[in-house]
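A.B. asks: Sequence:
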Amino acid sequence: MTGGRVRAFGWGLALPLAVVLAGIAAPLLVQVLGLMALCAGKVVYALDAAYVHLALAQQIIAGNYGIVPGEAAAPSSTILYPFLLAALDPLGLGSALPLVINVLCTVAAGLFAMLLARECDIALERIPPLRLFVLTVTVTLALNLPGLAITGLEHSLHVAMTVAYLLGLVRFVKNGRCDWWWIACIIIQPIIRFEAAAMVVADALIFVFFRKYRYALAMVAIGVFLVGGYSLFLHSLGLPLLPSSVLARSEWSKAAVASDGGGGVLPVLFAILRNVKSNATSFGAAQMLGTLAAAVVWLGAAGTRLWAETGTKSDRIKLVTLAFMAFVTIAQLTGGKLGWEPPRYEAYVLVLNMCGLAVIFREQVNAWCEHATWPRVSAICLALLLVFAGYVVQFVSIPVSARKEYLGSFQLQRFVTEFYHRPVAVNQLGYVNYRNPDYVLDLSGLGSEAARRAQAAQEGPDWMNAFLASHNIDLAIMDSGTPTAVPESWVRLADLYPGGSPADPTARYFTFYARSAGAAGPAAEALARFARTLPPADRLLHQRPAVS
213 MTGGRVRAFG WGLALPLAVV LAGIAAPLLV QVLGLMALCA GKVVYALDAA YVHLALAQQI
273 IAGNYGIVPG EAAAPSSTIL YPFLLAALDP LGLGSALPLV INVLCTVAAG LFAMLLAREC
333 DIALERIPPL RLFVLTVTVT LALNLPGLAI TGLEHSLHVA MTVAYLLGLV RFVKNGRCDW
393 WWIACIIIQP IIRFEAAAMV VADALIFVFF RKYRYALAMV AIGVFLVGGY SLFLHSLGLP
453 LLPSSVLARS EWSKAAVASD GGGGVLPVLF AILRNVKSNA TSFGAAQMLG TLAAAVVWLG
513 AAGTRLWAET GTKSDRIKLV TLAFMAFVTI AQLTGGKLGW EPPRYEAYVL VLNMCGLAVI
573 FREQVNAWCE HATWPRVSAI CLALLLVFAG YVVQFVSIPV SARKEYLGSF QLQRFVTEFY
633 HRPVAVNQLG YVNYRNPDYV LDLSGLGSEA ARRAQAAQEG PDWMNAFLAS HNIDLAIMDS
693 GTPTAVPESW VRLADLYPGG SPADPTARYF TFYARSAGAA GPAAEALARF ARTLPPADRL
753 LHQRPAVS
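Per our numbering, numbering through the sequence shown is continuous, rising by one, with the last residue being 760.
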């Protein structure tokens, strides 16, 4: 392996680098400021899952792998990210830590993309600065990079590592040597996201193609050791081999490894086929396959000389890049999941394919850079905004989602920690778990193996009564976004509508239930005090007279 030294930027490239980084930072800054304006000056993430990571990190620091003290659970679909949050906790950034990490990772992705352009001799410095800035802003919005950052999840890190990986791959094919940091990228990918295990397989095949058999064996062995070791760690805690969040979102994974799944190979194969069908018709599939199809166009033009083995090293770089793009795209469509709101799981594939297209069509990109007039820049920007329109609108919709979290989950956490001061049960993990000194009982099964098993063993909701009683809990807060049947004996105290109207049947709301009429008093009294502190956009509708 080499020392990993990438070609240095000259003074002529310092300006385009600064312009590209500014083009990434500008929409990031606008979105963060917009988010804070919508959330009363606070940093609130668009998804509850960010607070699950933070709560898990808190417990890791305390020596427990779970989200409540003394109970093992694997609610996170990433191995590395909660440990990264735990390691950086001494910085004292609190709940802003994921945002800081994601902003840095997003900017780093831009840096890696510029290094990739430099490695491929793509002359971005020939584009006038203002036009390059506009183009960079457009690409940033088209790939929803700012939106990924303010979800507070690990996807920005995954994107940055993917671009760094492609840079290392190009250098490997070009120079015939492995940079140490590229090997690090290969190793880290599957512990950032499980679906990135496909990259390890692709890496092994690439090493075999280049007759680097020891590298191929080492990469597979390390990947199996890391992911397999984590699964064995979960098993030692009495948990399934994969995190509960993975099993909840992946039917084929559940069929393969969950204790209540199984039944042989056929159920797994049928589940995979259903997953492929679902993904192929989901938002994001057209963009993934479209960028891959554009790359295949080059293969048709270069096929003759490749078949005759007269291709150049440049052709080999392009062929390996195309093969890697195809493998990762198909793997995501087969084993991953698309169609989630906000879209995030396919982000690394889209970024990979866009960068891969620049590598494959290097000559055409260079020619375009030579004549990047305003009409040409405007045309390519408009095309990107149209093709990726569903991602562009996330620039507005994700901050709006963050506001809903502020009006909903953020307020619930305030209620529990500032007014109720007692243990509660919930059917949606998230902010209520973060910085909450009282016990939070999970009814969804994502953060409680006991709840997951209880759900699997019983058809009705009556198991919840015994579950709450065993933990001495009298109040349950149920999220309508996760429809859950409750025991008939529960007493409905109030409904919280975060920014929505009760007349809107699609509005998300939270219902407060007392386990029995005799247990309703403390919760009703706390709700009455809590109601006076809610933001004007929230509505708390009492279902019974509040205790004053």
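Calculated directly from the structure, the hints in this document are not laboratory data.
There may be inaccurate statements among the hints.
[Stated by the list, open to error] DSS-like mimics (lysine-lysine), calculated; alpha carbons at most 27 Å apart, straight line: (1) LYS489 with LYS525; (2) LYS489 with LYS549; (3) LYS386 with LYS549; (4) LYS489 with LYS424.
[Said to hold, decoys possible] Derived CB-CB ranges, DEER-like: (5) LEU481 with PRO302: 30 to 40 Å; (6) ALA513 with HIS583: 20 to 30 Å; (7) ARG486 with PRO748: 43 to 53 Å; (8) LEU449 with ILE592: 45 to 55 Å; (9) PHE421 with ARG665: 20 to 30 Å.
Ideal Cβ placement from N, Cα and C applies to all residues, glycine included.
A.B. asks: Looking at the structure, which of the earlier hints fail to hold?
C.D. replies: Hints 1, 3, 4, 5, 9 are the ones this structure does not satisfy, whereas the remaining hints hold.
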